[in-house]
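Chain by chain, the residues:
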Amino acid sequence: QKEVEQDPGPLSVPEGAIVSLNCTYSNSAFQYFMWYRQYSRKGPELLMYTYSSGNKEDGRFTAQVDKSSKYISLFIRDSQPSDSATYLCAMMGAGTALIFGKGTTLSVSS
Amino acid sequence: SQTIHQWPATLVQPVGSPLSLECTVEGTSNPNLYWYRQAAGRGLQLLFYSVGIGQISSEVPQNLSASRPQDRQFILSSKKLLLSDSGFYLCAWSHSDKNIQYFGAGTRLSVL
Numbered sequence: 001q002k003e004v005e006q007d008p009g010p011l012s013v014p015e016g017a018i019v020s021l022n023c024t025y026s027n028s029a030f031q032y033f034m035w036y037r038q039y040s041r042k043g044p045e046l047l048m049y050t051y052s053s054g055n056k057e058d059g060r061f062t063a064q065v066d067k068s069s070k071y072i073s074l075f076i077r078d079s080q081p082s083d084s085a086t087y088l089c090a091m092m093g094a095g096t097a098l099i100f101g102k103g104t105t106l107s108v109s110s
Numbered sequence: 001s002q003t004i005h006q007w008p009a010t011l012v013q014p015v016g017s018p019l020s021l022e023c024t025v026e027g028t029s030n031p032n033l034y035w036y037r038q039a040a041g042r043g044l045q046l047l048f049y050s051v052g053i054g055q056i057s058s059e060v061p062q063n064l065s066a067s068r069p070q071d072r073q074f075i076l077s078s079k080k081l082l083l084s085d086s087g088f089y090l091c092a093w094s095h096s097d098k099n100i101q102y103f104g105a106g107t108r109l110s111v112l
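From first to last, the protein sequence lines are chains A and B.
When we follow our numbering, the leftmost residue of the first sequence carries the number 1, and every step to the right adds one.
When we follow our numbering, the leftmost residue of the second sequence carries the number 1, and every step to the right adds one.
Treat the hints as calculated values from the structure; they're not laboratory data.
A few of these clues could be false.
Stated by the list, open to error - In silico contact screen, one side only, chain A against chain B (beta carbon under 8 Å); selected entries:
no., residue
1, P10
2, M34
3, P44
4, M92
5, K102
C-beta: ideal position from N, C-alpha, C; glycine also.
Model the full structure from these sequences, guided by the hints.
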């Protein structure tokens with residue numbers, strides 16, 4: 001089983017839709033969880049960072065961590081064409097390397 | 001605020017030629033520095049990381065090497081490029097006490 005699994009998509013939604021992006025992981029030692037957004041031919045940009053379980057909200061974005069299920073999610077409300085990008089989850093434990101998912105490609109049509 | 005610079009943005013090199021990619025960070029001291037390669041469908045592959053000047057850890061043995069001649073400068077090199085070295089190379093930094101990584105804009109390398 002891979003340490004971090006992420007559906008590559010592509011995921012296509014109309015403008016204004018609620019988007020749910022997800023990752024599962026196998027290492028119960030992971031405590032820090034991140035979401036990056038990567039536009040085509042650009043470097044990844046940190047979107048959200050959460051520690052341990054729970055939710056974190058930032059504008060239209062909500063990150064959710066369920067450590068009991070080893071499952072993390074990123075919700076995007078009122079999606080915009082500018083949200084079209086690849087979204088990478090990443091996670092780590094104390095003193096461990098940062099492990100990335102392979103990314104989910106999202107397309108929001110106007 | 002901190003910024004990371006990576007250049008060049010694109011590079012086309014013949015097989016067998018040398019390579020030097022440079023990355024610098026501004027606005028912080030003693031950062032951890034990282035080199036990744038990103039291939040389509042394969043995610044981010046950590047190549048090298050450094051916790052200080054002259055300290056380099058290699059994650060994947062290959063045709064590449066890294067050096068850190070100054071605190072905020074990280075260089076990725078090769079003596080002779082292979083076709084398989086083509087890809088998107090990303091530099092990243094983090095604070096020394098926190099592994100949240102921030103990425104540069106990347107270099108797209110094509111070896112022909």
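Here is how each hint holds up against the structure:
no.	hint	result
1	P10	12 Å, violated
2	M34	7 Å, holds
3	P44	5 Å, holds
4	M92	6 Å, holds
5	K102	4 Å, holds
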